[in-house]
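**Q** If you want the building blocks of each chain, they are given just below.
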Amino acid sequence: MTLWKSVLAAAVLALASGSAALAARTDLVLGIPLEPPHLDPTAGAAAAIDEVLYANVFEGLTRIGPNGEVLPDLAESWTISDDGKVYTFKLHTGVKFHDGTDFDANDVKFSLDRARAPDSVNAQKGLFAAIDSVDVVDPATVKVTLKNPQGSFLYNLGWGDAVIVAPESADTNKEKPIGTGPFKFQNWAKGSSITLVKSDNYWGQPAYLDKAEFRIVPDAAAAVPALLSGDVQAFPFFQPDGVAQIEGDPRFKVVVGSTEGETLLSINNKKPPFDQLKVRQAISYALDRKAIIDGASNGLGVPIGSHQSPASKAYIDLTGEYPHDVAKAKELLKEAGLENGFKATLKLPPPSYARLGGEIIASELREVGIDLEIIPVEWAQWLDQVFTKKDYDLTIVSHTEPNDIAIYSRPDYYFNYQNPKFNEVIKELDVTSDEAKRIELLKQAQKILADDAVVGFLFELPKVGVWDAKLSGLWENAPIQANDITKVKWND
Amino acid sequence: MTAYLLKRLVIAAITLVLASMVVFAVLEIVPGDPARLMLGMNASAEQVELLRSQLGLNDPLALRYLHWAGGLLHLDFGRSYTYSVPVLDLVRERGVVSLPLALIALALSTVIAIPVGLYSASRRGHAGDAVAMGAAQVGVAVPNFWFALLLIYCFAVWLRWVPAGGFAGWGAGIWPALKSLILPAIALALPQAAILARVTRQALLEVLSEDYIRTARAKGMPYRAVLWRHALRNALIPVLTIMGLQFAFLLAGTVIIENVFYLPGLGRLVIQAIAQRDLIVVESVVMLLVAAVIAINLIVDLSYAVVDPRLRSRE
Amino acid sequence: MTLHTDVPEERLTDLIGKALANRSFFVGLLIALAVAGAALLSFVWTPYDVARLVISDKQQAPSWAHWFGTDHFGRDILSMIMLGARNSIAVALVAVGIGMGIGVPLGCLAAARGGLLDEALMRLNDLVFAFPALLSAIMITAIFGPGAVNAIIAIGIFNVPVFARVARAGALSIWPREFILAARAAGKGQTAITLEHILPNIATLLMVQGTIQFALGILAEAGLSYIGLGAQPPMPSWGRMLFEAQTRMAVAPWMAIFPGMAIVVTVLGLNLLGDGIADIIDPKARRQR
Numbered sequence: 001m002t003l004w005k006s007v008l009a010a011a012v013l014a015l016a017s018g019s020a021a022l023a024a025r026t027d028l029v030l031g032i033p034l035e036p037p038h039l040d041p042t043a044g045a046a047a048a049i050d051e052v053l054y055a056n057v058f059e060g061l062t063r064i065g066p067n068g069e070v071l072p073d074l075a076e077s078w079t080i081s082d083d084g085k086v087y088t089f090k091l092h093t094g095v096k097f098h099d100g101t102d103f104d105a106n107d108v109k110f111s112l113d114r115a116r117a118p119d120s121v122n123a124q125k126g127l128f129a130a131i132d133s134v135d136v137v138d139p140a141t142v143k144v145t146l147k148n149p150q151g152s153f154l155y156n157l158g159w160g161d162a163v164i165v166a167p168e169s170a171d172t173n174k175e176k177p178i179g180t181g182p183f184k185f186q187n188w189a190k191g192s193s194i195t196l197v198k199s200d201n202y203w204g205q206p207a208y209l210d211k212a213e214f215r216i217v218p219d220a221a222a223a224v225p226a227l228l229s230g231d232v233q234a235f236p237f238f239q240p241d242g243v244a245q246i247e248g249d250p251r252f253k254v255v256v257g258s259t260e261g262e263t264l265l266s267i268n269n270k271k272p273p274f275d276q277l278k279v280r281q282a283i284s285y286a287l288d289r290k291a292i293i294d295g296a297s298n299g300l301g302v303p304i305g306s307h308q309s310p311a312s313k314a315y316i317d318l319t320g321e322y323p324h325d326v327a328k329a330k331e332l333l334k335e336a337g338l339e340n341g342f343k344a345t346l347k348l349p350p351p352s353y354a355r356l357g358g359e360i361i362a363s364e365l366r367e368v369g370i371d372l373e374i375i376p377v378e379w380a381q382w383l384d385q386v387f388t389k390k391d392y393d394l395t396i397v398s399h400t401e402p403n404d405i406a407i408y409s410r411p412d413y414y415f416n417y418q419n420p421k422f423n424e425v426i427k428e429l430d431v432t433s434d435e436a437k438r439i440e441l442l443k444q445a446q447k448i449l450a451d452d453a454v455v456g457f458l459f460e461l462p463k464v465g466v467w468d469a470k471l472s473g474l475w476e477n478a479p480i481q482a483n484d485i486t487k488v489k490w491n492d
Numbered sequence: 001m002t003a004y005l006l007k008r009l010v011i012a013a014i015t016l017v018l019a020s021m022v023v024f025a026v027l028e029i030v031p032g033d034p035a036r037l038m039l040g041m042n043a044s045a046e047q048v049e050l051l052r053s054q055l056g057l058n059d060p061l062a063l064r065y066l067h068w069a070g071g072l073l074h075l076d077f078g079r080s081y082t083y084s085v086p087v088l089d090l091v092r093e094r095g096v097v098s099l100p101l102a103l104i105a106l107a108l109s110t111v112i113a114i115p116v117g118l119y120s121a122s123r124r125g126h127a128g129d130a131v132a133m134g135a136a137q138v139g140v141a142v143p144n145f146w147f148a149l150l151l152i153y154c155f156a157v158w159l160r161w162v163p164a165g166g167f168a169g170w171g172a173g174i175w176p177a178l179k180s181l182i183l184p185a186i187a188l189a190l191p192q193a194a195i196l197a198r199v200t201r202q203a204l205l206e207v208l209s210e211d212y213i214r215t216a217r218a219k220g221m222p223y224r225a226v227l228w229r230h231a232l233r234n235a236l237i238p239v240l241t242i243m244g245l246q247f248a249f250l251l252a253g254t255v256i257i258e259n260v261f262y263l264p265g266l267g268r269l270v271i272q273a274i275a276q277r278d279l280i281v282v283e284s285v286v287m288l289l290v291a292a293v294i295a296i297n298l299i300v301d302l303s304y305a306v307v308d309p310r311l312r313s314r315e
Numbered sequence: 001m002t003l004h005t006d007v008p009e010e011r012l013t014d015l016i017g018k019a020l021a022n023r024s025f026f027v028g029l030l031i032a033l034a035v036a037g038a039a040l041l042s043f044v045w046t047p048y049d050v051a052r053l054v055i056s057d058k059q060q061a062p063s064w065a066h067w068f069g070t071d072h073f074g075r076d077i078l079s080m081i082m083l084g085a086r087n088s089i090a091v092a093l094v095a096v097g098i099g100m101g102i103g104v105p106l107g108c109l110a111a112a113r114g115g116l117l118d119e120a121l122m123r124l125n126d127l128v129f130a131f132p133a134l135l136s137a138i139m140i141t142a143i144f145g146p147g148a149v150n151a152i153i154a155i156g157i158f159n160v161p162v163f164a165r166v167a168r169a170g171a172l173s174i175w176p177r178e179f180i181l182a183a184r185a186a187g188k189g190q191t192a193i194t195l196e197h198i199l200p201n202i203a204t205l206l207m208v209q210g211t212i213q214f215a216l217g218i219l220a221e222a223g224l225s226y227i228g229l230g231a232q233p234p235m236p237s238w239g240r241m242l243f244e245a246q247t248r249m250a251v252a253p254w255m256a257i258f259p260g261m262a263i264v265v266t267v268l269g270l271n272l273l274g275d276g277i278a279d280i281i282d283p284k285a286r287r288q289r
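Going line by line, the protein sequences match chains A, B and C. Take 1 as the starting number for the first sequence in the UniProt record's numbering and just add one per residue. Take 1 as the starting number for the second sequence in the UniProt record's numbering and just add one per residue. Take 1 as the starting number for the third sequence in the UniProt record's numbering and just add one per residue.
Just so you know, these hints were derived from the structure itself, not from any lab. It cannot be assumed that every hint is accurate.
[As the list claims (entries may be wrong)] Example chain A residues on the side facing chain B (calculated, C-beta under 7 Å, incomplete):
1) Pro37
2) Ser192
3) Ser229
Every residue, glycine too, gets a C-beta built ideally from N, C-alpha and C.
Taking the hints into account, I'd like the entire structure generated from these sequences.
**A** This is the structure in structure tokens:
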């Protein structure tokens, strides 16, 4: 028996080492939660488009790196005029689109002019609003003139909405994307997966992988078995509540990184009784962030007390302003004339942080006498009812855009919040370029929002990536919503 | 016979037209603007309006119905809002998953159910009958998605024999594609097999109690021979009827199972399309399934008439 | 379809004796009573209060404190199942009520009047039948918003043609009977005959169909809430419990096993009960056993 076992073990070992001696794997199946509606990053807001194509198929003049830094991409280098209005980009030469056509300065002019044209369907036209003109100096040089200096211009050009497309293929990119990146599009099996393959004539450092399939796996329920059975080897955006099943399994790596997603219990500030500061403060006191983070993000979220990422230099910790205090919450409601409590609705979009967090928050607010009716909605309904028509009391959503504290000053934003003092701070911030002063202003802004208890500040959404332990090169953090696989490889 | 046939056809056609009106009307009142969804949170009102008119969402209701229904007649289902491809292409892509799945499930259920039903009928009242029918009772009561969960954890996660979900695609070869359909087909087939086994047994017993069978028995024909030679053939009609209805049910009933296994079939397409407010896709797929049900019912009706002339004369 | 003959004048004690001797009926009745009892009990008492989430107790394995374990919010699964029974029964019962309340009068009317009205009503029936029930229920709840009420309506609509057909077929087989002819000769109207003679004679038939539809309703509700379109939190429902269990199968299998068993046992019990009733009342079916 023992002999038989050792023979078997030897055989297994031989087999294992035999396969290890072969070349490393060069294919990857990567799970994404949502299917992109089409494949043109310059014509849609859906994050799912960038999650497949950004940096892999399409490239911009600049790009955003793994930690949110601006890196050169198709632009080799640039110079900025002293008044900050004229950017001159030096382009890489010898770059070809996947259909064989050459890339040069004319493509840059075409792409930027197309994105900012009046009939453009670019979802982020605001990124290009500062551009006055785009001029081709020579095939390898482009000059962009701005109407006024803009500190974030190079960052803006790194967005997926600002990638460079060719006039020959721009109209068909939705179905058959043609870019300049290290991967080219091969196939889209609708409802199932999108396959990219390595591009043979890439201008820069070629990709390690020969083939990458982006498979659509809609929820954690399906993602866990897909991972455990080896069908899918990486989920860069994994739902935190599925992590419990993967943790402790040596075959996988669980990587918790940061996002720019402030997860909020948004409050309709104009709708009674939420127009009363005391009611909003009572809600803030009623929230037990620890329980919410444990239940809705498997304990992985970082608590926040205002609208700023804890990773930011301007962050101040305001989580102590409203500690979990049921008695205090009840007292405030009494002062507001609502000692018998009241009823309200809580509309929840599909992500698990909202659906799970909503149940916990409903239970916590019930403790202080606020009876919430939970209404789950699809994204379409959420955008329509909550975001556009502002027909809601409370909702939970993560605001994933970076540095977006200014949304609280927008006159028509769905929070229905208005505070002239806050608006002044933001106005000053817009025209301030001194770093120290900017941080000071940002801190002031955070404090005002916390004092006004505009919304319930919950936690910074964690980015949970789960992938095969032998894979390297995937992003840990999510400064932008993308799956850059240009540096991904298998290690043995 | 011709009159009966014509009448059935006319009725089917009227049902189809009424059904199309119902589907169109119901989906017209869906809340949520597809244009807003496609453009996302940051799009301006003008951009949304531009897209609405491009998609023809601002035309009058009756015009849009006629346009849509007219298109259906020559298999033009329109273009999907979200995928911006013809709906027919989507349906074709998804149909090659759902149709084989339903067929495999039906085949599996038949292969399980008919022998069990035969065995039970031949052993009526014995322990074997009790066990088989007890198992069938349990089978009818099991929700297929729960059964699917248990199957996934047993055969995909634990034993790793088959994929946990997803569809390899027919392009990857017959075997990998079939492998990804095995578990969903089993999950779908089990409750159907339980129903079919009960129907088979019941139909056999009913035939066996007919006078001519008794006569055959009285003349000394062995029970098994009677069962095979007379009973099975005559019991086939109710069994086939149930199978026809089950196939229609399976085609539509794959919705939940396709979600459990994230198979890119018609059911998943409908659920996704509802979430994305891609109305034209929902309309078309529901209409197709309704048409399939009507067609199957028609065939069942007609085959009844062929076998049982009494039905014809009564109409 | 097998129809029973006119109800024989059986003594009640005989019927009860027969009922208790019928194994299907007996077991089915026990299960149904147990489930209904658990649901009723949940109005006054459950082992734990599930409205309060105790996150620190999450995903505990079954123990003496929590017989069926706890879920991802630290709620007691046994208590959730008891409350879920209430939801399942309510949805299925009202859906059957809708089906009977609309379907039976329609079916009786069609049988009594015949002619064009019968034809029109039956075509309407065909129309509803042509829609795949589950898919249409999904469509309805997705459009009008998920929730128990919309689930009831969606399931109820598809019960209407079922009961209409059964009632019509039953009524049609009774109308030509002699005692009906006698009643007509005595000058009774269609309504009176339907109420006094037809309905009592098809009651058992409807009861059998009712238990079947009740069981199907529970399965349909579970399916709808599994894909998130049934009862909404905080109201527990068996289908949603299964959905929530799915991401946690490997670490907390009890979250999936017990609610699933609850569905199977309940549906099984109802089907046995239906079979039993049919057996006891229907002499032909009994002869075949």
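**Q** Hint by hint, say whether it matches the structure.
**A** The hints, checked one at a time:
no.: 1; hint: Pro37; result: holds (4 Å)
no.: 2; hint: Ser192; result: holds (4 Å)
no.: 3; hint: Ser229; result: holds (4 Å)
Of the numbered hints listed earlier, not one is contradicted by the structure.
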